[in-house]
Amino acid sequence: MLQARDGLRALSGRRVAVVGAGPGGLATALLLARAGIHVTLFEKDSQVGGRTKTVEAPGGYKFDIGPTFFLYPQILADIFNSCGERLEDHVKLERLDPQYHLVFEGDGGISGEIRATGDLDRLEAEIGRLAPDDAKNVKKFFTENRKKLDYFKPVLEQPFHRFLSMASPAMLAALPHLHPGRSVDRDLKRYFADPRVRLAFSFQTKYLGMSPFRCPSLFTILSFLEYEHGVYHPVGGCGAISEAMAGLARRMGVDVRLNADVERVTFDGNRANGVVVDGETFRSDAVVINGDFAKVVKALVPEQRRPRWRDAKIADARLSCSTFMLYLGIEGKMPESLSHHTILLAENYEQNIREITEGTLPMQPSLYVQHAGYTDGGMAPPGHTALYVLVPVPNLKAGIDWPAIRESYRALALERLKLLGLPDIEDRIRYERVIDPTQWESDFAVYEGATFNLAHDLMQMLWFRPHNRFGPGLYLVGGGTHPGSGLPVIYEGARISAKLLIEELAGARAAENAGIPETAPLAAPGEVS
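Residues 49 to 577 in this note's numbering are what the sequence shown lists, from first letter to last.
These aren't lab readings, by the way, just hints derived from the structure by calculation. Mixed in with the good hints, there may be bad ones.
Dumping the calculated DSS-like pairs for lysine-lysine here, alpha-carbon to alpha-carbon at most 27 Å [as the list claims (entries may be wrong)]:
id: 1; residue 1: Lys188; residue 2: Lys237
id: 2; residue 1: Lys237; residue 2: Lys196
id: 3; residue 1: Lys343; residue 2: Lys445
id: 4; residue 1: Lys381; residue 2: Lys466
id: 5; residue 1: Lys237; residue 2: Lys195
Pair ranges (Cβ atoms, derived) [to be verified]:
id: 6; residue 1: Gln122; residue 2: Ile453; range: 40 to 48 Å
id: 7; residue 1: Asp364; residue 2: Arg134; range: 43 to 51 Å
id: 8; residue 1: Arg298; residue 2: Glu351; range: 34 to 42 Å
id: 9; residue 1: Asn318; residue 2: Glu398; range: 45 to 53 Å
Don't be surprised by glycine CBs; every beta carbon is placed ideally from N, CA and C.
Model the full structure from these sequences, guided by the hints.
Below you can see the structure in the form of structure tokens.
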């Protein structure tokens with residue numbers, strides 16, 4: 049106990065610079081401040097959250113820019129608890145039921161639908177209308193994926209900064225349950241014969257920017273997490289979570305500096321020792337970078353300081369898809385049939401995904417619509433609607449001429465909305481913002497417009513993914529590092545990075561005493577990224 053107290057006393061005079069106030073940067077700042085470290089959080093924009101922010105547009109419409117819902121809030125609740133607060137005192141989370149309305153295109157129209165719910169009896173009934181035999185296997189899918197998650201959760205919670213981590217007890221215990229040679233779709237064929245039913249449990253691979261026909265079978269746990277633990281809408285938008293985290297961070301003494309553009313990380317020998325911000329040097333004992341990995345690390349860290357991720361390797365990395373976005377403020381109400389989340393799954397979904405993966409712009413695309421006003425009346429003025437429309441498209445490596453095709457693709461997206469019972473919205477649009485892959489890169493610093501970051505194939509996961517401890521005194525958080533993309537996973541990555549940083553500065557007992565469980569030992573020199 050004396051050793052732990054000494055470790056925490058050693059932390060009280062330490063300074064850490066966190067670059068980027070996205071979800072990972074905010075979570076890391078909270079955990080480090082909880083340990084007694086003086087944290088300065090630099091954010092280049094005028095608002096925290098990164099892409100996890102909610103903006104108010106002219107006319108009073110509110111839109112989430114990126115993520116539109118929240119999964120598995122327990123991880124963030126644990127972070128708030130470690131700071132002496134309750135998440136529910138800061139943000140109201142509404143569990144959605146149904147969590148999605150899945151609409152399957154076919155035969156020139158609609159071939160079926162599922163109102164996805166976490167109520168297993170109702171879910172079985174929904175699936176039974178499409179495929180009675182498949183409905184019998186729903187509970188078996190849940191039982192097996194509950195076990196899979198139990199085995200893999202400790203893997204997601206451990207760092208992979210040493211190659212030997214690939215043979216950790218948690219990893220060895222999980223391997224027999226992961227079947228790495230199977231894709232998500234192939235794994236689901238063990239339960240469901242109807243391809244539409246398999247899509248209800250596999251379209252979630254798009255959160256990783258991947259195809260269910262290629263994505264490792266591990267990621268069937270994504271749909272299981274949704275059905276088992278719920279899909280939530282934060283009242284006021286997902287940005288309400290980011291603002292709540294920033295507010296708590298400020299109360300804990302974090303110096304949050306907005307409109308602060310970090311130009312580069314500084315080094316003393318091999319060790320990161322600060323950042324240059326708007327031409328001025330800020331010295332610190334360690335630096336945490338939160339941002340799109342391929343974009344921000346190339347910009348801030350000299351190539352010689354990242355021997356495992358040189359420019360050529362980043363250029364060759366497999367990337368996720370991108371998205372074509374419409375944020376629409378519409379006069380008038382939506383039909384009652386339009387739920388909070390509606391997903392149109394293209395008639396030939398496998399071809400649609402293959403086109404995106406191979407760099408061809410799909411002309412019969414799937415799309416996702418968020419009608420937040422279905423649940424939250426504060427997202428648009430009375431008598432109006434805010435619609436968020438997302439179309440998965442190839443990233444910029446495909447070489448598509450977006451300035452030339454932008455208007456026609458917008459028209460195609462609006463035409464596709466007619467299949468969801470929205471035939472007349474164009475004349476009622478009072479506010480519109482379009483974001484294509486070029487703008488994801490130019491306006492939001494997303495490398496090649498790949499909105500879901502590095503792809504999660506087997507050779508870009510775990511030890512093969514950028515490490516949380518990127519070098520002496522230098523740490524990463526965000527979707528591009530281990531464990532990967534998605535808000536709950538990014539928060540878990542923040543816990544890993546914070547643990548490692550505290551251990552480096554003051555020892556493992558200090559990390560444990562700071563309310564963060566102990567991690568594996570730090571890598572020896574030469575074993576880090």
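Violated hints - listed by number, lowest first: The structure conflicts with no hint, since it agrees with every one listed earlier.
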